[in-house]
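Colleague: One-letter residues, chain by chain:
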Amino acid sequence: MNDLLIPAVIVVPLAAALLLALAPRLKPEPARLVTLLVTLATFVLSLPLLASDRSGAIGRQFDAPWIAALGVRFHLGVDGVSAPLVVLTTLLVPLVVLASYGHVHDRVRQYCVLLLAMEAGMVGVFVALDLVLFYVFFEMSLVPLYLLIGIFGGPRRSYAALKFVLFTVAGSLPLLLGIVWIVQRGGSSDFMVLRRLHLSASEQGWLFAAFAAAFCVKVPLVPLHTWLPDAHVEAPTGGSVLLAGVTLKMGTYGLLRFCLPLFPNAAAAAVPLLLALAVVGVLYGALLAWAQDDLKKIIAYSSVSHLGFVVLGLFSMQSAAGAGAVLQMVNHGISTGALFLLIGMIYERAHTRGLNEFGGLARTMPRFAFCLLFAALSSIGLPGLNGFVGEFLILLGTWRDHPLAAGLAAGGVLLGAIYTLGLVKALLFGPIGHPRTATWRDLNLREMAILAPLFALMLWIGFAPNSLLSRIAPAVDRMLEAPLLERPR
Amino acid sequence: MNLLDAAALPLALPVAGFLAIVLLETIAPGRTGRLPAALAALSIVLAFARLVAHGPDGEPLGLLADDALARTLSGIVLLVALAVVAMAEPLLEKLALPRGEFHALLLASLSGMLLVVSARDLLVFFLGIELLSIPLYVLAAYRRLTSMGVESGFKYFLLGAFASGFLVYGIALLYGAAGDTRYRSLALLAARPELQHAMWHVGVAMLLVGVGFKAAAAPFHAWTPDVYHGASTPVTAFMAAGVKTAAFGGALRLALEVLPPSPALVTGFTIVACLSMAVGNLAALMQTHLKRLLAWSSIAHAGYLLVGVAAALVRRDGPARDALLFYLGTYALTTVAAFALVLQVGRELGPSQDLKSLRGLARRRPFLSFALALCFLSLAGVPLTAGFLGKLYVIRAAWSAGGTLLVPALFLAATSVVALGYYLRVIATLYMEREEDEPAPLLQSPAVSLVATLTSAAILLFGLWPAPLLRWLAP
Chain B
1 MNDLLIPAVI VVPLAAALLL ALAPRLKPEP ARLVTLLVTL ATFVLSLPLL
51 ASDRSGAIGR QFDAPWIAAL GVRFHLGVDG VSAPLVVLTT LLVPLVVLAS
101 YGHVHDRVRQ YCVLLLAMEA GMVGVFVALD LVLFYVFFEM SLVPLYLLIG
151 IFGGPRRSYA ALKFVLFTVA GSLPLLLGIV WIVQRGGSSD FMVLRRLHLS
201 ASEQGWLFAA FAAAFCVKVP LVPLHTWLPD AHVEAPTGGS VLLAGVTLKM
251 GTYGLLRFCL PLFPNAAAAA VPLLLALAVV GVLYGALLAW AQDDLKKIIA
301 YSSVSHLGFV VLGLFSMQSA AGAGAVLQMV NHGISTGALF LLIGMIYERA
351 HTRGLNEFGG LARTMPRFAF CLLFAALSSI GLPGLNGFVG EFLILLGTWR
401 DHPLAAGLAA GGVLLGAIYT LGLVKALLFG PIGHPRTATW RDLNLREMAI
451 LAPLFALMLW IGFAPNSLLS RIAPAVDRML EAPLLERPR
Chain E
1 MNLLDAAALP LALPVAGFLA IVLLETIAPG RTGRLPAALA ALSIVLAFAR
51 LVAHGPDGEP LGLLADDALA RTLSGIVLLV ALAVVAMAEP LLEKLALPRG
101 EFHALLLASL SGMLLVVSAR DLLVFFLGIE LLSIPLYVLA AYRRLTSMGV
151 ESGFKYFLLG AFASGFLVYG IALLYGAAGD TRYRSLALLA ARPELQHAMW
201 HVGVAMLLVG VGFKAAAAPF HAWTPDVYHG ASTPVTAFMA AGVKTAAFGG
251 ALRLALEVLP PSPALVTGFT IVACLSMAVG NLAALMQTHL KRLLAWSSIA
301 HAGYLLVGVA AALVRRDGPA RDALLFYLGT YALTTVAAFA LVLQVGRELG
351 PSQDLKSLRG LARRRPFLSF ALALCFLSLA GVPLTAGFLG KLYVIRAAWS
401 AGGTLLVPAL FLAATSVVAL GYYLRVIATL YMEREEDEPA PLLQSPAVSL
451 VATLTSAAIL LFGLWPAPLL RWLAP
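Chains as they are written, first to last, in our numbering: chain B, 1 to 489; chain E, 1 to 475.
Excised from the complex, chain E in its bound form:
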């Protein structure tokens, strides 16, 4: 395969950035200043530009897909990574942590995500998942001198490795059943139930369990709160927005191109979706820590997204796919905004990121509080924010798929009421409670402010006028 062909180019640029940073760090270790961040940002921007100025769709049978789906998902993860670079740089500088390695690892993980969303072969898919995960284990433990950082990284590593085991075992079984790992060949077998060996069914199940771990869907979610809590906020943002987009993007392609819309599979998706919504939303109600609350809320959102995947599985046509893409886009946008704001208010420099630290912030920092309120309203799916349209879109997709999917659609609506309980609690803390006596310092950084401002403005803008976002996400 030509390295510079159309499909590989957006992927090659972050890899080149990764190599350049590693080289730079070897030549002048610890004295590279802002250069790695600049290089990382540059490679991401170039890759994004390449995506925007894309040629015609590539040949549909290669190992890497070059279609609208891959481009949209790649675009989302690239933008997420760009925001994370901007968020991480000032924090690393403040905490005096090595910066070059961070950005190199970020780019490596990003390359993995780009592979996952365009893979058309299970081996490439697995390669992407591993490339995504291994740098992230390190990133999660990046504050290795704090016990939280170590716990976070170790937990993520153990459970991630366990999930990879499932994944690779599943792939092996599928290879055994189909004699091939290409999606095209697997789809042929998927269409012929009479030829399917037990190996096939077990293989599909194990593959999906592996993806479920990465996507943080219940009951494979147990690592999420601790890891989100312990990792530094930019890394958490990368996991919540980037990994989720990659995992669901990969799952969406599997649903569209490989998996059979068998009742058993749809029921399985439905059960996992409902479980995620229930577990995530109920547990989030009891959280007092901002990042843990967002972690449980991300589990709930995994449930909402699974409803979209199930709809895409039942109806392999445009609307369901577009609904999921739109939801992923708005979710990534809102998550990045939320974590950028949490980074500013959340006392990364101090001991606590408790909800209490937000008390009465609206008086001191009206803009920041307004933006945070907007994020949480968007996560809750209140109209006039981007999140509402995402939810509406997914419910509509599930409803038009009909049958079994009416259950998760109803469930989505019902759990949204529960979710409002904890999202509004954050807003109540911001606006309705008295400030603490001694407010801790906030992280002041133009880069983080820029990310937060742009993303929260986008939430409001796309809530009011979603046409441009829709055109880009669902061409």
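Chain B with its partners taken away, still in its complex shape:
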């Protein structure tokens, strides 16, 4: 029962990337148009994946031999957790291509190649069921993002790009060793086989540490987060959107997909540590965001805070919180994606991101003002919009077993409202800040078209979260119910 749809979502952008890379004579605008069409086609291709198995099983699968000598197979699969993340990815990429019309005018073809290659890697991460294959995709999305930041980024781009790569790779090498270990131990690199493997408590501990190291850098969990603001500030808009919208979720997705089911005992033992780090992340990220005056830095630190929520939900080991965490991954992709796109749009006009250099935009750019407020409200979790559902489920689920963590994290919601609304206030209201404010056009049709699907999703998830949750929850339950070893006496 090989489902060709799943590899197609990876192969189409990858093939397009290779073809574009081998066509250096192609003019910029045709290249961009081709990329837009290919990414839209990929999005349409990925939509049927959403109709995944309601039982939570990995219903759609694709399995083909790959590296026979190492026993590695090209095994892909989609369940209720990966499907929304895949579609989030395939949705954001065409929007980023559309947004690039505003700010990428030089080396357009390279930009497109990198976006397409990155899309293939990101989708691959969410559907790989073979550990080596997962690692390949995990690393594969790295190089395009490195180049996106390094070629198209701001003044300190080389430093930021290198820091990003070195942090991530330093984290992912323990993952590689861990994969080698577990493959050696289990005789296969297939997740479906390894899931039935019985590991001793100490083996689980080491392996959990190796896997979690890679994922916690990617999330990023607090002591490991310092690469994120640098990368975000220097990245071009498209890089920021995909970095925050998708690549951070590779970390939380990895924790959920691999760490919880494969090493249940170690995960259970690590709950206090990870909950503590998550709560610290929620609060510390929020406080740092509050203190920034660079728009991108505010959103970057807010990501640290929001992803802290996701980790909190995952490691409360509770069904509702887990489902909320997965929903929150999607939500964060949508609302932070929208915020970064909006910041990109204002930056294209003002060429500055200083919080205090703006003011009074609500009068001169009413459409921008509406969109920014909308995205901000979604980000802080206003009931009726998407953010509320995820945060509420996480806090509700966590409260049962870990009331202290839930209580502290609830403070993060408050802080989030403070700094996000502070950003809105500084930009939109008060006296006119920037002397050239009057010359900035309001959002045009293209820019509205970029934001429209994201806003539609915010409303849809806000009002009808069950359409997603009904598929996410059973899949999450399956990962949480991995059998625990009996405690040694």
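Treat the hints with caution; some may be incorrect.
[Stated by the list, open to error] Under the rule of at most 25 Å between Cα atoms (straight-line distance), these lysine to any residue pairs were calculated in the SDA-like manner: (1) B:K27 to E:P366; (2) B:K27 to E:E433; (3) B:K163 to E:E93; (4) B:K163 to E:Y175; (5) B:K27 to E:K356; (6) B:K163 to E:E433; (7) B:K163 to E:G421; (8) B:K163 to E:G360; (9) E:K356 to B:L162; (10) B:K163 to E:S449; (11) E:K155 to B:E348; (12) B:K163 to E:L97; (13) B:K27 to E:R359; (14) E:K356 to B:P24; (15) B:K27 to E:V417; (16) B:K27 to E:F367; (17) B:K163 to E:D226; (18) B:K297 to B:E348; (19) E:K356 to B:P155; (20) B:K163 to E:F411; (21) B:K27 to E:L410; (22) B:K27 to E:G360; (23) B:K163 to E:E435; (24) E:K356 to B:R107; (25) B:K163 to E:L443; (26) B:K163 to E:K356; (27) E:K356 to B:K297; (28) E:K356 to B:G154; (29) B:K27 to E:T288; (30) B:K163 to E:L63; (31) B:K163 to E:L23; (32) B:K163 to E:A414; (33) B:K163 to E:H289; (34) E:K356 to B:D106; (35) E:K356 to B:E348.
Note that these hints are calculated values from the structure, not bench results.
Take the given structure of chain B and dock chain E to it, following the hints.
Modeller: Below, chain E without anything else, positioned relative to chain B:
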């Protein structure tokens, strides 16, 4: 021994090519044009064809092995030599250097490599090492009118001769201990620790030091950066890809057939491996010259390869051997590609091969830059390139060998992060920096382009679909 028997034939063809070229040069000195290159290529291709169409394995006790290991390694060095012929010919023509002698020396050195990888007797092994080295001393100094060329050749000669001293002394001691130089007899003694004289231990150590010099493993690496830097790029490629394959191929056979898996020896390999990885990667971080950077990176790769040799020593079974062969194959492939590209961009004709000369090349030569980026990603071991699978394979082999080898496996992973720092710097120079005002001319040659295109396409292809390469390298 019949000269035309199965084991000797791939070896006899390059020797015949060598003789033919020498004869040709004597009859019509300096007026042979492209004929020597054609003859060299022909003899290499014929030898390779003979390898592919091989018969059953020869009798396992002869002086020369005729088994899958020898065939695979011979195949690698033959292909490397073929690429070097194609790379050298246009360059020699441009620099107006004698071409016949170059190809003759190359074939002589190639014959030495073929001997080393199939030797089953220490004397044959030594003969191979010398036959490999002596023509290379000359090749390293081939641009003898430049001070760099002379320095390169002289340094390589002095340290190479020193290493040969170690090697031959070690062999003499081993002969003293075992009364024989055949691997078979040495293996008998290796299996009986109670019979081993001190002479045996010193002999093994000196033999390995000699091989370590040729393989450019730390702490026997000091010659590498200067020699790689000073020699002309095709010769550097031959040293980096060919000599390394031969030296590690020889070491692999020693590990599989002779050396005892004693803890002391494994520890020794581990220490040298870790030292090479550390020294190579750290020093490479500071390089601004393209060939020196590749030289230090080759020292680091010697460390990675040694991890594979140590794994093969501990577990004398298929996986460890296959891992090392696969790594050697992908490393040779990537190295040839990298040097073919360096030859094109590296201003062989001008004064500098500084990293700066790559600035902003991506705009002017998108294909070339893409290929160079691919090579460096493969050397760094990033997924979807052949280099990643090689690294994965070696780590897995070391991990399954367990015990002491977990240390170098961890070390390999850790130093790979450091390595990414300098490999990415090259890519950053290509893609992220502004072009210099006055770009120097590039070497335009269809032959070099062909080598570069084929090898870099292979890096990507085998990264995506490694099955054919695996089947060939690890049958």
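Colleague: Run every hint past the structure and note whether it holds.
Modeller: Hint by hint, here is what the structure shows:
| no. | hint | result |
| --- | --- | --- |
| 1 | B:K27 to E:P366 | holds, 14 Å |
| 2 | B:K27 to E:E433 | holds, 22 Å |
| 3 | B:K163 to E:E93 | violated, 45 Å |
| 4 | B:K163 to E:Y175 | violated, 55 Å |
| 5 | B:K27 to E:K356 | violated, 28 Å |
| 6 | B:K163 to E:E433 | holds, 17 Å |
| 7 | B:K163 to E:G421 | holds, 10 Å |
| 8 | B:K163 to E:G360 | holds, 21 Å |
| 9 | E:K356 to B:L162 | holds, 18 Å |
| 10 | B:K163 to E:S449 | violated, 34 Å |
| 11 | E:K155 to B:E348 | violated, 58 Å |
| 12 | B:K163 to E:L97 | violated, 46 Å |
| 13 | B:K27 to E:R359 | holds, 23 Å |
| 14 | E:K356 to B:P24 | holds, 23 Å |
| 15 | B:K27 to E:V417 | violated, 37 Å |
| 16 | B:K27 to E:F367 | holds, 16 Å |
| 17 | B:K163 to E:D226 | violated, 31 Å |
| 18 | B:K297 to B:E348 | holds, 17 Å |
| 19 | E:K356 to B:P155 | holds, 20 Å |
| 20 | B:K163 to E:F411 | holds, 21 Å |
| 21 | B:K27 to E:L410 | violated, 47 Å |
| 22 | B:K27 to E:G360 | holds, 19 Å |
| 23 | B:K163 to E:E435 | holds, 24 Å |
| 24 | E:K356 to B:R107 | holds, 21 Å |
| 25 | B:K163 to E:L443 | violated, 35 Å |
| 26 | B:K163 to E:K356 | holds, 22 Å |
| 27 | E:K356 to B:K297 | violated, 33 Å |
| 28 | E:K356 to B:G154 | holds, 22 Å |
| 29 | B:K27 to E:T288 | violated, 35 Å |
| 30 | B:K163 to E:L63 | violated, 54 Å |
| 31 | B:K163 to E:L23 | violated, 59 Å |
| 32 | B:K163 to E:A414 | holds, 16 Å |
| 33 | B:K163 to E:H289 | holds, 23 Å |
| 34 | E:K356 to B:D106 | holds, 22 Å |
| 35 | E:K356 to B:E348 | violated, 32 Å |
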